[in-house]
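Colleague: One letter stands for each residue in the lines below.
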Amino acid sequence: MKKALIIFKKEIKEIIKTKSIWGPILLITIILSIGMPLGFILGSEPILEDEDTLNFITKVFGSVEDPLRVLIGFILKQLIVFLLIISAMVPSLIAPSSILMEKENNTLEPLLATPIKTSELLLGKTLTALIPAFAISTISFIILTVVVDITAFIKLGYAPLPTVEWVIVAFILSPVLSFIITMASVIVSSKSTDIKSAQGIGAVVIFPVYLIIGLQLAGLFLLNITFLLIGCMVLLVSCPFILKMAVKIFDRENILTRWKMKA
Amino acid sequence: MIKVENLTKNFGDTTAVENISFDIGESEIFGFLGPNGAGKTTTIRMLATLISPTSGDITVDGRDSRNNGEYIRSIIGILTESPGLYEKISAYENLDYYSSFYGIPAARRRENTEKYLKMFGLWDRKDDPAGTYSKGMKQKLALSRALIHEPKILFLDEPTAGLDPESAHMVRNFIDSLKEEKTTVFLCTHNLEEASNLSDRVCIIKRKIIRIATLSELQNSNKNKRVEIVFKDDAAKYTGLIEEINEIKDISADNNRMVLLIEKPEISNPLVIRKLTYNGAEIIYFNEIKASLEEIYLDLIKDEEAK
Numbered sequence: 009m010k011k012a013l014i015i016f017k018k019e020i021k022e023i024i025k026t027k028s029i030w031g032p033i034l035l036i037t038i039i040l041s042i043g044m045p046l047g048f049i050l051g052s053e054p055i056l057e058d059e060d061t062l063n064f065i066t067k068v069f070g071s072v073e074d075p076l077r078v079l080i081g082f083i084l085k086q087l088i089v090f091l092l093i094i095s096a097m098v099p100s101l102i103a104p105s106s107i108l109m110e111k112e113n114n115t116l117e118p119l120l121a122t123p124i125k126t127s128e129l130l131l132g133k134t135l136t137a138l139i140p141a142f143a144i145s146t147i148s149f150i151i152l153t154v155v156v157d158i159t160a161f162i163k164l165g166y167a168p169l170p171t172v173e174w175v176i177v178a179f180i181l182s183p184v185l186s187f188i189i190t191m192a193s194v195i196v197s198s199k200s201t202d203i204k205s206a207q208g209i210g211a212v213v214i215f216p217v218y219l220i221i222g223l224q225l226a227g228l229f230l231l232n233i234t235f236l237l238i239g240c241m242v243l244l245v246s247c248p249f250i251l252k253m254a255v256k257i258f259d260r261e262n263i264l265t266r267w268k269m270k271a
Numbered sequence: 008m009i010k011v012e013n014l015t016k017n018f019g020d021t022t023a024v025e026n027i028s029f030d031i032g033e034s035e036i037f038g039f040l041g042p043n044g045a046g047k048t049t050t051i052r053m054l055a056t057l058i059s060p061t062s063g064d065i066t067v068d069g070r071d072s073r074n075n076g077e078y079i080r081s082i083i084g085i086l087t088e089s090p091g092l093y094e095k096i097s098a099y100e101n102l103d104y105y106s107s108f109y110g111i112p113a114a115r116r117r118e119n120t121e122k123y124l125k126m127f128g129l130w131d132r133k134d135d136p137a138g139t140y141s142k143g144m145k146q147k148l149a150l151s152r153a154l155i156h157e158p159k160i161l162f163l164d165e166p167t168a169g170l171d172p173e174s175a176h177m178v179r180n181f182i183d184s185l186k187e188e189k190t191t192v193f194l195c196t197h198n199l200e201e202a203s204n205l206s207d208r209v210c211i212i213k214r215k216i217i218r219i220a221t222l223s224e225l226q227n228s229n230k231n232k233r234v235e236i237v238f239k240d241d242a243a244k245y246t247g248l249i250e251e252i253n254e255i256k257d258i259s260a261d262n263n264r265m266v267l268l269i270e271k272p273e274i275s276n277p278l279v280i281r282k283l284t285y286n287g288a289e290i291i292y293f294n295e296i297k298a299s300l301e302e303i304y305l306d307l308i309k310d311e312e313a314k
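One line per chain: the protein sequences are A and B, in this order.
Going by the working numbering, the first sequence wraps up at 271, each residue one higher than the last.
Going by the working numbering, the second sequence wraps up at 314, each residue one higher than the last.
Don't take every hint at face value.
What the hints assert, rightly or not - Once the Cα atoms are required to be at most 27 Å apart in a straight line, the calculated DSS-like pairs of lysine-lysine come out as:
no. : chain 1 : residue 1 : chain 2 : residue 2
1   : B       : Lys256    : B       : Lys215
2   : A       : Lys10     : A       : Lys25
3   : B       : Lys133    : A       : Lys10
4   : A       : Lys199    : B       : Lys95
5   : B       : Lys95     : A       : Lys10
6   : B       : Lys95     : A       : Lys21
For the record, the hints were derived by calculation from the structure and aren't laboratory data.
Keep in mind the model is a prediction, meaning the values are calculated, not measured.
Given these sequences and hints, build the entire structure.
Modeller: In structure tokens:
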């Protein structure tokens with residue numbers, strides 16, 4: 009564990025110095041946790057003046073007493089899923105860079121020649137992607153909650169967050185998703201030869217998150233506690249399998265002889 | 008310190024190293040020479056427990072490599088062909104990072120980091136990112152990294168590549184001084200002069216071992232000898248007198264100097280001297296020119312290719 013933490017500490021130092029990694033993370037975090045909730049809450053009243061919006065609400069929720077409250081609730085469900093993008097995006101940006109930079113700089117061989125175990129190296133790389141992902145998504149959830157509650161309270165007289173769904177997403181679904189994306193990125197990175205292609209594949213890995221957003225917006229599906237718990241269960245069950253696969257691929261001999269090192 | 012028995016490594020259908028065996032003693036400098044693709048890197052990787060052998064046994068410091076990988080990696084230092092440094096962090100941080108994997112106390116780590124950075128003239132730029140270093144400085148930093156935990160065995164792959172003559176000289180002196188520290192050095196180099204000056208023994212490999220010997224053993228066993236004769240006058244006028252001697256394979260003359268390539272000196276040399284002096288040649292010097300490691304190496308590789 010100590011050696012994994014040594015790796016983690018050094019990797020974080022390097023990430024801080026790599027603008028191309030933290031720049032997009034910072035930008036998307038600001039957009040998703042501040043820009044989007046502000047825009048949605050402030051724009052919800054004028055939207056209700058549109059007949060199509062009212063029809064949509066009636067179609068999805070039936071006839072309701074307070075359409076504005078229902079609309080805000082619906083928007084918040086979208087925002088929860090948007091925040092999952094952060095949990096998925098952060099490890100998909102960090103993990104490939106962390107592994108492929110070792111390949112590109114030929115630093116893996118001297119590192120593997122130290123008395124480190126391969127499992128410690130994998131754990132170090134996993135923590136490097138996982139801890140920032142968890143920290144950033146938790147901070148985003150907190151910022152978003154504060155922004156939504158303050159804006160909604162000033163504008164509508166009530167604070168809608170946090171909800172039970174909100175807590176499930178923030179503290180179960182989001183970390184589990186980050187873990188799976190991290191492991192998927194380890195697997196993808198071990199098969200790639202450059203950072204951009206690994207990150208491109210990483211973007212494909214987060215496609216299911218976009219799918220949920222699309223299905224919700226189309227009115228075909230609406231996240232509720234049951235769906236979220238089922239989602240958490242499915243992801244939790246798949247964790248050991250994806251971990252096993254990553255450990256198998258992240259083998260010392262495999263890394264040195266089959267990974268294509270930069271000449 | 009290192010014992011290798013019948014070591015073979017296959018990658019699929021390709022055999023990288025075939026049935027090699029050797030022993031390396033404590034504080035010995037063992038030159039490991041061979042053309043590109045001869046299996047040198049694969050051998051180092053197996054000795055350093057980075058990859059496992061297909062067959063055969065390796066014992067390092069009395070321990071079997073299959074079950075003692077972590078221990079073996081804790082007593083070796085390795086300088087890989089490419090320096091492989093973290094370019095965004097400083098030289099000091101690079102050394103501190105690697106040394107922290109060996110369980111060295113923090114104070115000792117700081118001491119060693121300072122010692123090696125100063126020794127290789129990098130101390131003034133210790134806080135600069137390694138990416139800003141020149142090729143030679145990176146090589147020195149990588150060498151410092153290999154030494155930071157004071158290993159018992161040092162694997163050096165082209166240690167002076169990219170270094171200016173002064174730095175290369177300093178590194179060679181340093182490698183030579185490691186003997187006093189009882190450090191065993193496994194030296195891979197294409198610089199044959201360096202290998203011959205530093206190595207106690209050399210091993211010439213091309214997938215299989217071609218020869219293991221000291222330089223003088225190699226020179227003595229070399230079938231072609233060279234003899235230099237310096238005359239008082241022009242050497243060219245004497246070539247006709249000796250060219251019919253069967254054991255002479257080649258003659259070259261330049262001003263008053265003649266060089267003969269001969270096969271059996273005990274037969275040819277008395278004949279040459281007799282013929283020359285009988286015909287009035289005034290000889291100032293008559294010397295054997297010892298074959299260089301490069302000449303011997305090229306001969307052995309050529310013979311191996313001809314097989």
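Colleague: Which of the listed hints are broken here?
Modeller: As far as the earlier hints go, only 1 is violated by this structure.
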